[in-house]
Structure formats: structure tokens, C-alpha cells
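So the protein lines, in turn, are chains A and B. Just so it is clear: in the first sequence, position 161 is 160 by numbering that gives the first Met the number 0, and no numbers are missing. Just so it is clear: in the second sequence, position 41 is 40 by numbering that gives the first Met the number 0, and no numbers are missing.
Treat the hints with caution; some may be incorrect.
[As the list claims (entries may be wrong)] With a Cα cut of at most 27 Å, we get these calculated DSS-like pairs of lysine-lysine:
hint, chain 1, residue 1, chain 2, residue 2
1, B, Lys-183, A, Lys-7
2, B, Lys-183, B, Lys-267
3, A, Lys-78, A, Lys-62
4, B, Lys-413, B, Lys-267
5, A, Lys-11, B, Lys-183
6, B, Lys-413, B, Lys-482
[Claimed, not checked] To give an idea of the interface, some chain A residues facing chain B are shown, with a C-beta separation under 8 Å as derived from the structure:
hint, residue
7, Leu-12
8, Leu-24
9, Pro-28
10, Phe-65
11, Asn-69
12, Gly-80
13, Val-82
14, Val-86
15, Gln-109
16, Thr-171
No wet-lab data here; the hints were simulated from the structure. Virtual Cβ for every residue (Gly too), placed ideally from N, Cα, C.
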Amino acid sequence: MALSANAKTTAKLTTLAVGMLGFALFVMPPLYDAFCEITGLNGKTGGRYEAVPAAVDTERTVKVQFVASNNENMPWEFKPGMVEIRVHPGEAVDTVFHARNPTDREMIGQAIPSLVPFKAANYFHKTECFCFNQQSLAAGETAELGLRFIVDPDLPAGVNTITLSYTLFDVTERFAKQANNKNTDSEREG
Amino acid sequence: MAHGPKPGFTRWLYTTNHKDIGSMYLWFSFAMFLLGGCMALVIRAELFQPGLQIVQPGFFNQMTTMHGLIMVFGAVMPAFVGLANWMVPMMIGAPDMALPRMNNWSFWILPFAFAMLVSTLFMEGGAPDFGWTFYAPLSTEYAPPSVTFFIFAVHIMGASSIMGAINIVATILNMRAPGMTLMKMPLFVWTWLITAYLLIAVMPVLAGVVTMMLMDIHFGTSFFSAAGGGDPVLFQHVFWFFGHPEVYIMILPAFGIVSAIIPTFARKPLFGYSSMVYATASIAFLSFIVWAHHMFTVGMPIAGELFFMYATMLIAVPTGVKVFNWVTTMFRGSMTFETPMLFSIAFVILFTIGGFSGLMLAIAPADFQYHDTYFVVAHFHYVLVPGAIFSITAGVYYWLPKWTGNMYNESMGKVHFWLAFVGLNVTFFPMHFVGLAGMPRRIPDYALQFADFNQIASVGAFLFGAAQILFLFNVIRTVRGGKKATDEVWENPEGLEWSVPSPAPYHTFSTPPVVR
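Next up, chain A with everything else stripped away, as it sits in the complex (with noise of 0.2 Å):
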């Protein structure tokens, strides 16, 4: 039997409904997080960089400062160990953040790093940096977190000073708890 008009209507709306669901829930987010890759948006930096030998813009130099500060509830010391340095762009730097966990438990923190200003976002390079990974700390455990970055010398001509912050998240129980879902989930595949 033929689908009736309103059937018809019916399966398309219904049709578009999921469609909507689907774009809201998978293509949305990952649409963001390229639209912030892009434009710098929300201060957001790359990933690692393969470091390419470049020229070293001797002539220019660029005013790279530091923040850090804890999120809500986050216990841990955490300062940069400079809080500013001027730079050469193309020049590979090396700095420090120092990280103490002040509390009587192991803890995990996860550093989120933001730039400002956002157009030079994408010209901040990191070939080594702390907030790739998480950082353990046992109780009193003292670190330095190491960070290693090049400003790129097509920086825009405008941009003298560049800060970069990290928020340092409290992971600790998020960690158990995926810990914990992959204990199990070997448990059962056992």
C-alpha cells in the first residue's frame, strides 16, 4: 500500500527532527572546538608542534607573560617561575611552572592553558608542554613543570605582548572514576 500523505509528512519531519539531534550532538561540538582552531577563539592553543627550523627575527621582539591560577577547589600551589620574558619570534624558549600538592593525598591536576590576544593563538607553538599531559603529585610532592615553546615569526605586526594562563583543574576523582570503568570493563572482558 502506498504511504499516505500525511504519513509521508510525518516521516520527513520526523526525518528532519533526528536529523537535528544528530547535528546538535555530533556535528556541533566538534564544529566549535575547528571554529575555535581557526580563528584562536576562547584563546585556545594547538597541540604539540613539530619544531621547523626557522630564521630567528632577531629584529623584533615579543613580551610573552605568564598566569597561572587554580581553579575552584584546587588545593595546589601552582606559580610560573617567570612571571614575564621577551622574546625573539622563531627562537625555541624553555620555562618552568612550579606545582606543589600541599595535601596529605595523591592529587592529579590538569592544566588548561588560554592566549590572549586571540589572533596570535595559532602563532604560539608549544613542542613541549606540561598540559599535554596530567601531572600526579603525591602528598607534598614539589614539581616543575617544563614548557617549551616558539613564537612564530609571521606573528602579526600589531601583537607586542602575548600572556598565556593556565587553569589548573582538579582531575583527581575524574580519573578514578575512568580508572575505575576500565577496571571493570577488563574485569568483565576477564
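Fit chain B to the known structure of chain A by using the hints.
Just chain B, lined up with the frame of chain A:
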């Protein structure tokens, strides 16, 4: 075919009749309107004086959240769906809705959704307290445990709205009487057709965003958690991608209602019918590309701020066309001022005021001052209360004689109008001033200099609330009896709904009418 409704309660439980379902939607939304209104009165009572008098800040936040959710999803949207159920088949000469069983289902899941939502008030940790916009991470990491019930309630409401919308589109596209071409349809049908498409497009996005919240809360994902590599700002983008079309969902059917009422009482055909249709379609289209004007202050590239600013201002053009058409319809008309007309004229004036404050908010640099102040509260209450609530009230007075066969009490209707009109302006107009002076929204306490205007607003709120009791009384009295209405009810009203007897029989247009 001459069989009436089943006797007893099962009539309402099993009914597939569009009139029964429309009535249930309308009564349900009125109940929710009173409940949400009581919550608003708790808010206004607390804000009568600076300092904390009546409720704790936590409960205050639950009240603002629940008031918003209940008014948007429980009062305004079901009321429009109820009016669509009653009127769309009668306006296009159809015997019933296209999918009557789904119609029953889409109504009957609503009471369960709201029972679940309201029950969170009695749960440990209290009801949702993160505002009706439920921004993450307030609604994820810092939410009370009842948030899961809120999420499920939103899923059910969304399913109900989507089913209702599919039903309305199928009815309008497939069930029109012969000769009822698209461009002959009454504007209420047109605005609902467009609204239904908006609903089908954005309610799934709302379902998506609450699903992501659910995953973040219970399943360890981090869509909105910065610690896990997500972004709370993503929440705002997805939410407002739903949220902006949503505010037009709450206003487009209102445009349709006043476009039916004003010509009747101005005794002139509607000016610029086709421009009304195109303006509605333009507003619907623009609603998809302006969402970020709700979040100018989150940090956006200047190009983004400019785009969303200009796109938002563009909406004033089709809206201006509509206001122009309503005014021109009244111009040199032979106007009378029955209750539905009073509400419609108030709609045109007050909605325009709300539109203008919207334009002020659209200016990105100025918005940094207005953002999250009472100015925003004044703005959206000026578009929603006279916009949605007044138009629904106007529609109920306008069609009530057709539904019940009895005339409502005109003087009581007029008293209701004037109390509501004065109450509304006394409540919301001072909010513009305190907002511009810097009073933030969603706070239980405020600085002393805002005390006078807040007292005035609170008095107005109780006046507005009391006026609605009169409305309820008038409607109940009309349902029970009163002066018999003629089939036409008004003087030469346009539309097929006036060609059937008053009260409208249980089944209308079993044979399609002839449309000239």
C-alpha cells in the same frame, strides 16, 4: 457521524478529538501559568525590600529557575499548541488534526513531564537553581542532584512539542479544504506552520544539549568541562542556537492571533496579508543566525560581535513591517474596543516597546552595560507578557464564545484588561530603570538605591496576578452558561471558524466546506 463525546473521565484520557485536546492543553497551560505566577510572586515578595525577608537565597534561585521553565515550557508553549489544536482544523476546513492519536499522546506526556519537574522542589538538594538557561558548569558540576530529573523532564517536553509540531504541519499541508490555497490561509495558520518548522528544527537541539549535560554529569564525558578539554562556552552556543528560535516560537503564533482579531474589530481586512507571511518567514529565518547576541560578553572576535549585532538589528525590519500593517489595519477603521481588541492593541503598543529595548540590547558595545541586568528582565518580560500572554488572553476571549456557545462577561473582561495592563506596566517598566542603574538579575537582595522601584514593581506584580483570577472566574462562568452567542459572534469576522454553529459541534467539517 453524529456521535458526541464519551461520557466520564475516559473521554479526556482516550480522546483523539482536536477540540478536547485543545481544551486540555489550554487548561493545563493555565494551571502552569498560575503555578509559575505564584513563583514570580515569591520572587517579587522577596524583592519588595532589600535584605533577606521571606526566602533563602538558594530557594530564591530555585524560584527564578522554575518560574522561567514553567512559564516558557508549561504556560506559553502549551497554550499556543492548545489554540492551534482548536483553531487550525476549523480555520482550514479540516475535520480534525492529521494525526489524532499522536495528538493525544503529545498532550498526555506533558503532565508527567511537569509533575517530574515540580517534584524536584521536594527533593534533597532542592530544585534546579541555575536559571532557566541552565548554563554549564552551573547545571553540571555545581548542580543539585535533581538536575537529572530536570533533564528527563526537558526530554519529555521536547518530545511533546516535536510531536505537536509534526501534527500541525501535517494538518496544514495535507488537510486543507479544497480551494484553501496556502496564500488564502488565515495568518494564525501561517504563523503556526512556520512556528512548527522552528520547533521541529530546534527542540532536538535542546534535547541534544541536555543529553550532553547528562553525559557530562553521569558518564564522564567533558563536553562542557574545561578540565577534560571541553568548553563551557560551547554550552551557551548550543543552548542559544535552540534558545533564540525558541523565543520566536513563543511570539509568532501571537502575531497570528492579533492578525485575526484586529481586522475584526477595525472592520477592515488585514493590511498587507502577503507581506505579513513573508515577514513571518524572514523572522523565522533570521532567528537561526542571531543566537550569539545573548552572549556578547563571553569573548568573541570583533567580526563575530559585528555580525551578530547587524543580523539582530535586521530583525527589526520584518517586525516593523508587521507593526506597520497592524497600525494600518486599524487606521481609519471603524473600531470598537471589546476585550480581545483591547488586549490586541495593548499587544501592538507594548510589544513594540519590548522590541525597542531589544534593539538597544542588540547594540554590542552597549550590551556590555545591560548584560544580565534588570534591563534584560524588563525587555523579555515586555515581549513575552504583552506578547505571548496578552495575545493568548485575547485569543481566548475572541474564540471563547465559539468554543462554549456563550458570551463572556464583557465588563469583567474589560476590568481584567485594565488591571492586567496597569499591573504589567507597573511591574516591568521600573525594571528598565533599575537595570540601567546596574541592578543585576537573579539576586535575592540588592543595593538600597534600588528599593523604591522594586517596591513599585512588586505592587504591580500582585495586581497583575490578581487580575488573572478574574480571568479564570470569567472563563469558568462562560463555560457554565451566559448569554448565548450567535454563530458569527462578532460583526462580520473573517474565517471558516465562524461558519460553524456556536458552540462548535464536536465534529466540524466532516464534509469539506467550499472555499471561494
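Now for the hints, and whether the structure bears them out:
no., hint, verdict
1, Lys-183/B x Lys-7/A, "24 Å, holds"
2, Lys-183/B x Lys-267/B, "17 Å, holds"
3, Lys-78/A x Lys-62/A, "18 Å, holds"
4, Lys-413/B x Lys-267/B, "23 Å, holds"
5, Lys-11/A x Lys-183/B, "25 Å, holds"
6, Lys-413/B x Lys-482/B, "17 Å, holds"
7, Leu-12, "5 Å, holds"
8, Leu-24, "5 Å, holds"
9, Pro-28, "6 Å, holds"
10, Phe-65, "19 Å, violated"
11, Asn-69, "12 Å, violated"
12, Gly-80, "23 Å, violated"
13, Val-82, "23 Å, violated"
14, Val-86, "25 Å, violated"
15, Gln-109, "5 Å, holds"
16, Thr-171, "10 Å, violated"
Checked against the numbered hints given earlier, the structure breaks hints 10, 11, 12, 13, 14 and 16 and satisfies all the rest.
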